[in-house]
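Student: Between the sequences and the hints, there should be enough to build the whole structure, so can you do that?
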Amino acid sequence: MKNNICILVMVVLLFQIEAFSQNNIINLSHAVTEALQIQPQLKAAVYNIKSLEKQIDIIDYDNLPQLGYGLNVSQWKWLMPNKVKLLGNELRDIYTEFRLSQLIYNGGKASRQEDLIENSVGYEKLNYTALEQRVILNVTKTYFEVLKAKKVSAIYKNTLEQLKVHLETADALYSIGKSSNLDVVKAKVQIALIEEEIKKAENNVQAQLYALNNAIGWETDKQIDIEDVTDTYYSGVVNIRYDVPELLNEMYSTNPEFKKVQLDYEAKNREINLNNADYYPSVYAFGTMNWEDSKMRVPMSNYNWNVGVLLSYNIPFLQGGRFKEKNQQLEIKKDVIRANEESLKKRYELNLKTVLLKLEDLKSRIASSENIVELAKESQKTAELKYSIGSGSSLDVIDAVQILTTAEINLSQNLLDYLSTLADLHNVIGRNGLVFSAGAR
Numbered sequence: 487m488k489n490n491i492c493i494l495v496m497v498v499l500l501f502q503i504e505a506f507s508q509n510n511i512i513n514l515s516h517a518v519t520e521a522l523q524i525q526p527q528l529k530a531a532v533y534n535i536k537s538l539e540k541q542i543d544i545i546d547y548d549n550l551p552q553l554g555y556g557l558n559v560s561q562w563k564w565l566m567p568n569k570v571k572l573l574g575n576e577l578r579d580i581y582t583e584f585r586l587s588q589l590i591y592n593g594g595k596a597s598r599q600e601d602l603i604e605n606s607v608g609y610e611k612l613n614y615t616a617l618e619q620r621v622i623l624n625v626t627k628t629y630f631e632v633l634k635a636k637k638v639s640a641i642y643k644n645t646l647e648q649l650k651v652h653l654e655t656a657d658a659l660y661s662i663g664k665s666s667n668l669d670v671v672k673a674k675v676q677i678a679l680i681e682e683e684i685k686k687a688e689n690n691v692q693a694q695l696y697a698l699n700n701a702i703g704w705e706t707d708k709q710i711d712i713e714d715v716t717d718t719y720y721s722g723v724v725n726i727r728y729d730v731p732e733l734l735n736e737m738y739s740t741n742p743e744f745k746k747v748q749l750d751y752e753a754k755n756r757e758i759n760l761n762n763a764d765y766y767p768s769v770y771a772f773g774t775m776n777w778e779d780s781k782m783r784v785p786m787s788n789y790n791w792n793v794g795v796l797l798s799y800n801i802p803f804l805q806g807g808r809f810k811e812k813n814q815q816l817e818i819k820k821d822v823i824r825a826n827e828e829s830l831k832k833r834y835e836l837n838l839k840t841v842l843l844k845l846e847d848l849k850s851r852i853a854s855s856e857n858i859v860e861l862a863k864e865s866q867k868t869a870e871l872k873y874s875i876g877s878g879s880s881l882d883v884i885d886a887v888q889i890l891t892t893a894e895i896n897l898s899q900n901l902l903d904y905l906s907t908l909a910d911l912h913n914v915i916g917r918n919g920l921v922f923s924a925g926a927r
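Going by the numbering used here, the residue at position 271 of the sequence shown is 757; the numbering climbs one at a time, nothing skipped.
Keep in mind that the hints are not guaranteed to be accurate.
Once the Cα atoms are required to be at most 20 Å apart in a straight line, the calculated EDC-like pairs of lysine to aspartate or glutamate come out as [to be verified]: (1) 810 with 827; (2) 611 with 600; (3) 820 with 601.
Just so you know, the hints here were simulated from the structure itself, not pulled from any lab data.
Tutor: Here it is in structure tokens:
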């Protein structure tokens, strides 16, 4: 009975472990989605945008009527005749006033300030988009680094199994006197070396998983595993042909850095408009109600009110030159933006063409690596067959295994480097969203 219970508990635990393991296997889409939701940098950027949007509300409040109240209590040494009528023979003076004023016109300064702030909000939103794209790029490239490490580990483990088979063959041949003990020793040495490489590869896998957790925004030691999407993604993008002029046009129209340049132009124009608003007068409607007496009385008798319109205008006789110089300064800044835009275009055009060249180079390497892997497999089969019938050497087999191992590692690295470079292309162009939802179109 006790044995049956123990077996049942072990079965349940195994199922739970398996379920836990499956629940912690993530794909690239899941990793990117999580990163976009929890990355602290993105949250800070959102708060910054909301802060700027609040500035517009603050300006709107400046356009509402301004209500003020004042109370003044003072003591006179002697009274002027007009004060005697209000205060009598008392030297104490109590004066209180309510003031209400409303801005009617000031050359549209408030609306121009709002336009400038809206420009800043748009600029910060583009910064957010650029940051979001960098997060996607970082998660994607780190994801592929994990896959590279896992593939190296898997290849070394497969090599270890092949060497163990060779060791069995060498041991069997030695036992019947068809080979020397040196062949057995060589196989054991090679196995020990591969086991050391496996340990290094496993450590690298864990280090890359830590890096992926960090890129997503999870705790560094969170236990996860990832899906191998290499073949699926590569088959979806390998036949894409890229047209440089078309990609350049897309980059200039979609990349946030170029959109920010246009907002810089608009910002300078709006600053000029705001500066020109200083040439216009300000018109206010106002009303006041006041009361003055030597003591608080009920009902109040010495009260009065006043309503009117106020025109305020700073004559630009002396400061007009300052406004003109400021506008000229802003025009010069626009010239700076144009020059920087040209430099930006050249830099990004170079980045784009460099990435495309790298893709072509990697595609060529992949084709070459696939051919080398097939040849290495044939070479290994031949070396093993010759050794098994006594016409080949153990060294030939070990060399063939090593060549195949190197070829398989090179192929896997080239495939993932191609996908990683495609993510770079996605980022340089400025495409939004997941890399391979856009990159495979």
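Student: State for each hint whether it applies.
Tutor: Outcome of the hint check:
1. Under the criterion of a C-alpha separation no larger than 20 Å, the hint pairing residue 810 with residue 827 is inconsistent with the structure, at around 26 Å.
2. The hinted pair formed by residue 611 and residue 600 meets the criterion: a straight-line CA distance of about 16 Å does not exceed 20 Å.
3. Taking the CA atoms of residue 820 and residue 601, the gap is about 18 Å. The hint holds against a cut of 20 Å.
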